[in-house]
Amino acid sequence: MELTLTSRPALWRLARLDFDPVRNRPVLLYPEGAVLLNDTGAAILELVDGARTVADIVELLGQRYGTDVAADVTEYLSDLARRELIRDV
Amino acid sequence: MTSERPTTLLAELTHRCPLHCPYCSNPLEMVRAEGELSTDDWKRIFTQARGLGVLQLGLSGGEPLVRKDLEELATHARGLGLYSTLVTSGLGLTRPRAERLRDAGLEHIQISIQDADAEVAERIAGVRSVKQKRAAAALVKELGFAFTINVVLHRANLDRIGEIIDLAASLGADRLELANTQYYGWGLLNRASLMPTREQVERAQAVAREAMERYRGRMQMLFVLPDYYERYPKPCYGGWGKLYLVVSPDGRVLPCHGATQITTMTFENARDRSLEYIWHESAAFQAFRGDSWMKEPCRSCPRKTVDFGGCRCQAFALTGDAANTDPVCTLSPDRAMIDAAIGEPAAPAEYRYRVIASEPQRA
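Residue numbers (this note's numbering), protein chains in the order written: chain L, 145 to 233; chain A, 92 to 454.
One or more hints might be untrue.
To be verified - Derived CB-CB ranges, DEER-like:
id	chain 1	residue 1	chain 2	residue 2	range
1	A	R364	L	V233	26 to 36 Å
2	A	G411	L	L180	31 to 41 Å
3	A	P326	L	V233	27 to 37 Å
4	A	R294	L	L180	32 to 42 Å
5	L	V179	A	V397	19 to 29 Å
6	L	V179	A	W384	39 to 49 Å
7	L	L204	A	R191	38 to 48 Å
Said to hold, decoys possible - Simulated coverage check for chain L against chain A, where a stretch passes if three residues somewhere in it have a Cβ under 8 Å from a Cβ of chain A:
id	segment
8	190-198
9	209-220
Derived by calculation from the structure, the hints in this document are not laboratory data. Keep in mind the model is a prediction, meaning the values are calculated, not measured. Idealized CB from N, CA, C, for every residue including glycine.
The following block holds chain L by itself, in its conformation from the complex (with noise of 0.2 Å):
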């Protein structure tokens, strides 16, 4: 499935972020599986509510960051939704 940027996404119901102490890592915890996430990973699904659009994240994160991410935040988002942990509402 491919989000846009007028995409709603929100995870999975039964998706929570977490963290890991002993990997010292954000974690996307799910029945039967995790995702052991990087810190942008970790930065974009904190901002994932289904409530703001992939363009509202991607303008957060750009001032965060002061690049454009539209591509990678889409593509990454995209990846999750394909694997069924993130949905478009």
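The hints should help you fit chain A onto chain L, whose structure is shown.
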């Protein structure tokens, strides 16, 4: 030593179970109630597992609900930050227990369904169970748990896969795991009665694929082919001692739930040693880690990083040497025994039911 850290612990809290499924993944020789670990043992094991890097905990069995301390164990697991799944038959999941488990912080419940046809389902389970399972499923939904239904597929239910999928959806499952029987232990004992035909498998796969699209976004589906009908073996839990560990009801620590079938190996006990030591240092966990143990044809095979030579338990059960290539691999010199098993005439659906030794054999 390994730098690998496990992500998943399967805690087989007990081998006791009200069901008698003839493909049970528990070993033929099961642990009796008096041999089970104590509540404190399990809590210590969960704490050690978390320290080792485990994120996912399966509370399994047997039927884990026969343990009266299940709620206490679930509370402890949640306190450690583990994501816990209860793997249950559904029998014994009363409202008070389900509510206590929810309050304990249990997040995910997996209930087994034997068939969409109630009569066949109960013949497989060896016990009246359909009504209780339906009630348990309704409770799981009502209380808002993440809900998976898992179904073991074999000759007697494979032709009803469409009805099974629709039943799971109507019960409100978030996830549906459709896994063909694995032929170890009880499954191997009953192989001639359980083995489907290739045509059955192909029809079922087509139905499952269509349903996966239809239910996309509503119910996540997983369809696991029978490995006898595959060209290459399964990458068993991502490789031996890499991501996964199992603690059996008596405390033995295993790289997979079938490993005690490798009777030439000794597994250390969590009563005597820490999980940290067993994971990193024990001979059993190092035996098939990486690829230096491999023989040909695995050793020079590019797929050795994909499927790790397949299943060590299957290699041992069928060839007598756990270091051999999994014989389901079409590159294995022993593949002929798999083809012979596929070609064997089907035995009638008369099962040797799962029982704990010294219980009277059913049927």
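Each hint, compared with the structure:
Separation of A:R364 from L:V233 is about 48 Å and departs from the stated range, judged on CB atoms against 26 to 36 Å. Between A:G411 and L:L180, the C-beta spacing of about 39 Å keeps the proposed range 31 to 41 Å intact. Checked against the given bound of 27 to 37 Å, the beta carbons of A:P326 and L:V233, roughly 34 Å apart, stay inside it. For A:R294 paired with L:L180, a C-beta distance near 39 Å keeps the hint of 32 to 42 Å intact.
With their beta carbons about 20 Å apart, L:V179 and A:V397 fall inside the hinted range of 19 to 29 Å. A hinted range of 39 to 49 Å for the beta carbons of L:V179 and A:W384 is inconsistent with their spacing of about 30 Å. Between L:L204 and A:R191 the beta carbon distance is about 41 Å. The supplied range of 38 to 48 Å therefore holds. Under a criterion of three residues with beta carbons nearer than 8 Å to beta carbons of chain A, the stated coverage of the segment 190-198 of chain L fails, only 0 such residues being counted.
Restraint check on the segment 209-220 of chain L versus chain A: 0 residues with Cβ-Cβ distances below 8 Å, three needed, restraint violated.
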